[in-house]
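J.: The residues making up each chain are set out below.
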Amino acid sequence: MHPLKDKACIVGVGETPYTRGTDRSQLSQILHATMAALDDAGLKPHDIDGMVLPMPMPTAEHLAANLGIPDLRYTASSNIGGAAPVAAVQTAALAVAMGIARHVLIPVGWNAYSGAGVRGAGRGGPVGLPPSFGLTMSEYYMPYGLAVPAQWFAWLATRYVEQYKVPLEGPAAVALAARKHAHLNEKAFMRNRPLTMDDYRNARMVAQPFRLFDCCLETDGACAVIISSAERARDLKQPPIYISGAAEGHPLPADDIPGRKDFFKIGLYFAAPKAFEMAEVTVNDLDFVQIYDCFTHIVLLELEALGVCKPGEAGQFVQHGRIELGGELPFNTHGGLLSEAHVAGVNHIAEATRQLRHQCAERQVKDAALGVVTGFGDFGDGSLIVLRR
Amino acid sequence: METTAKYKRLLPPMRGLARDFYSWCKKHELRFQKCSACGTWRHVPREMCPQCGSFDYQWAKSSGRGQVFSWATTTQPMLPHFADDVPYATVIVELDEGVRMATWVVDIPPDQLRIGLPVEVIFDDVTEDVTLPKFRVRRPA
Ligand SMILES: [Zn+2]
Numbered sequence: 001m002h003p004l005k006d007k008a009c010i011v012g013v014g015e016t017p018y019t020r021g022t023d024r025s026q027l028s029q030i031l032h033a034t035m036a037a038l039d040d041a042g043l044k045p046h047d048i049d050g051m052v053l054p055m056p057m058p059t060a061e062h063l064a065a066n067l068g069i070p071d072l073r074y075t076a077s078s079n080i081g082g083a084a085p086v087a088a089v090q091t092a093a094l095a096v097a098m099g100i101a102r103h104v105l106i107p108v109g110w111n112a113y114s115g116a117g118v119r120g121a122g123r124g125g126p127v128g129l130p131p132s133f134g135l136t137m138s139e140y141y142m143p144y145g146l147a148v149p150a151q152w153f154a155w156l157a158t159r160y161v162e163q164y165k166v167p168l169e170g171p172a173a174v175a176l177a178a179r180k181h182a183h184l185n186e187k188a189f190m191r192n193r194p195l196t197m198d199d200y201r202n203a204r205m206v207a208q209p210f211r212l213f214d215c216c217l218e219t220d221g222a223c224a225v226i227i228s229s230a231e232r233a234r235d236l237k238q239p240p241i242y243i244s245g246a247a248e249g250h251p252l253p254a255d256d257i258p259g260r261k262d263f264f265k266i267g268l269y270f271a272a273p274k275a276f277e278m279a280e281v282t283v284n285d286l287d288f289v290q291i292y293d294c295f296t297h298i299v300l301l302e303l304e305a306l307g308v309c310k311p312g313e314a315g316q317f318v319q320h321g322r323i324e325l326g327g328e329l330p331f332n333t334h335g336g337l338l339s340e341a342h343v344a345g346v347n348h349i350a351e352a353t354r355q356l357r358h359q360c361a362e363r364q365v366k367d368a369a370l371g372v373v374t375g376f377g378d379f380g381d382g383s384l385i386v387l388r389r
Numbered sequence: 390m391e392t393t394a395k396y397k398r399l400l401p402p403m404r405g406l407a408r409d410f411y412s413w414c415k416k417h418e419l420r421f422q423k424c425s426a427c428g429t430w431r432h433v434p435r436e437m438c439p440q441c442g443s444f445d446y447q448w449a450k451s452s453g454r455g456q457v458f459s460w461a462t463t464t465q466p467m468l469p470h471f472a473d474d475v476p477y478a479t480v481i482v483e484l485d486e487g488v489r490m491a492t493w494v495v496d497i498p499p500d501q502l503r504i505g506l507p508v509e510v511i512f513d514d515v516t517e518d519v520t521l522p523k524f525r526v527r528r529p530a
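Quick note, the sequences are listed as chains A and B, same order. Per my numbering, the very first residue in the first sequence carries number 1; after that it's consecutive. Per my numbering, the very first residue in the second sequence carries number 390; after that it's consecutive.
Keep in mind that the hints were calculated from the coordinates and are not lab data. Virtual Cβ for every residue (Gly too), placed ideally from N, Cα, C. Hints are not guaranteed to be accurate.
[Unchecked claim] Facing chain B, according to a computed beta carbon distance under 8 Å, are these residues of chain A, among others:
no. : residue
1   : Ala147
2   : Val148
3   : Gln151
4   : Arg159
5   : Arg204
6   : Pro253
7   : Ala254
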């Protein structure tokens with residue numbers, strides 16, 4: 001058996017309201033989400049002695065100084081964009097399982113709607129390109145007008161749609177399922193904002209083949225999760241949610257999209273088998289998936305990388321309600337980045353945790369016992385965790 | 390050709406291996422790194438051969454011929470520098486040598502791009518200092 005399997009748990013999750021418009025700084029948002037996660041876990045700020053940070057700002061020092069943490073003994077960072085929060089769970093699990101830290105905080109927050117993006121392309125163009133791929137982009141892509149995720153993932157999506165003749169109904173089904181689920185989630189920014197197939201089809205093109213509703217939201221807010229060892233988790237307020245499997249993976253090469261021999265082998269393709277093997281489960285055992293949904297076509301590629309369906313078949317699979325609540329494999333039961341909020345997928349971890357605790361009321365997946373959360377970021381880095389109650 | 394001050398779009402930073410790559414372009418030669426040990430072509434430029442680990446390479450001359458592999462069509466301005474160009478496609482071309490690069494195909498609109506479309510390199514002296522390799526559709530002679 002894998003030495004890390006079920007040795008660490010998610011013990012607390014919390015978030016701020018998800019809005020467009022806020023008076024709070026990014027740091028304040030993160031601190032509010034952290035306090036909500038601590039309250040959920042039945043812990044106090046001084047109980048936190050580790051942090052794994054998926055975004056460069058604010059730093060662990062900023063956070064610890066505000067929270068009044070007396071003994072911060074472990075900090076690490078994960079710099080793989082949207083794949084970082086889920087990868088951070090693996091790092092945090094290692095730290096608590098080995099006794100390096102007792103309770104590790106993983107927070108993400110930003111005012112992505114109101115303020116400048118913390119990463120890359122905010123309003124008005126790129127600010128501070130990430131070191132992981134900024135060099136390639138500035139030297140070889142930006143002279144040809146390509147600098148934001150909607151453009152560089154359009155390279156993947158264009159070839160994918162052309163090669164496999166993916167029907168419009170595929171990505172549409174992803175967008176519509178996410179919105180349907182958001183209506184059942186009082187935290188979702190898009191709750192009670194209907195989306196029809198006609199709305200989807202008629203929306204403006206952002207970067208072909210991405211229409212407006214293929215793209216994730218820009219929202220203000222924060223979300224945080226807390227990881228503890230399995231022993232400690234059993235004494236806390238909530239039922240422990242076990243981290244049974246975890247892995248990260250990277251496309252080859254990770255810093256250049258055109259140069260990939262296997263164009264559709266995203267990081268998740270390499271990570272998924274490792275996490276399933278560690279958890280000793282298969283994709284067929286899953287009760288739900290929370291998929292990093294920066295773009296609908298990327299969700300299709302991730303479903304294929306997970307092994308839910310064969311290459312090129314996800315566009316068919318996702319139709320006919322298969323990924324909706326009540327369907328074969330419910331996806332993003334909170335609405336995801338497409339319809340709940342964009343906090344880099346920490347909200348996906350929070351939702352998976354609440355589903356496995358059976359706290360999701362009208363959007364609860366019946367008898368949910370096993371689920372997966374994926375991360376996807378930068379130029380296609382990937383991560384996943386397999387969680388069980 | 391425009392002066393650097395008047396050129397509205399973005400220019401590549403001329404440093405390190407990028408300076409080497411674009412310096413060949415300025416001479417109207419498309420060259421890529423080719424490993425001296427195992428002969429593997431590569432782009433984007435790198436210090437080592439990811440295939441065999443050798444630090445030795447030459448800047449080998451490309452045929453300049455290839456085909457369209459994929460593209461991203463920008464339909465709303467993403468960068469102020471390219472606002473006047475919308476809609477435009479940032480195309481991935483696969484050269485006959487096997488390497489792929491981001492570029493523009495200059496003589497057809499984005500909606501006429503197809504996977505496998507044969508193209509050949511041209512050189513656009515966009516400023517007095519910088520030449521960008523671009524492509525045009527290759528038609529039977
Ligand atoms: Zn070599």
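J.: State for each hint whether it applies.
T.: Each hint tested on the structure:
no. : hint   : in the structure
1   : Ala147 : holds (6 Å)
2   : Val148 : holds (5 Å)
3   : Gln151 : holds (5 Å)
4   : Arg159 : holds (4 Å)
5   : Arg204 : holds (7 Å)
6   : Pro253 : holds (7 Å)
7   : Ala254 : violated (11 Å)
Violated hint: 7 only; the structure is consistent with all others.
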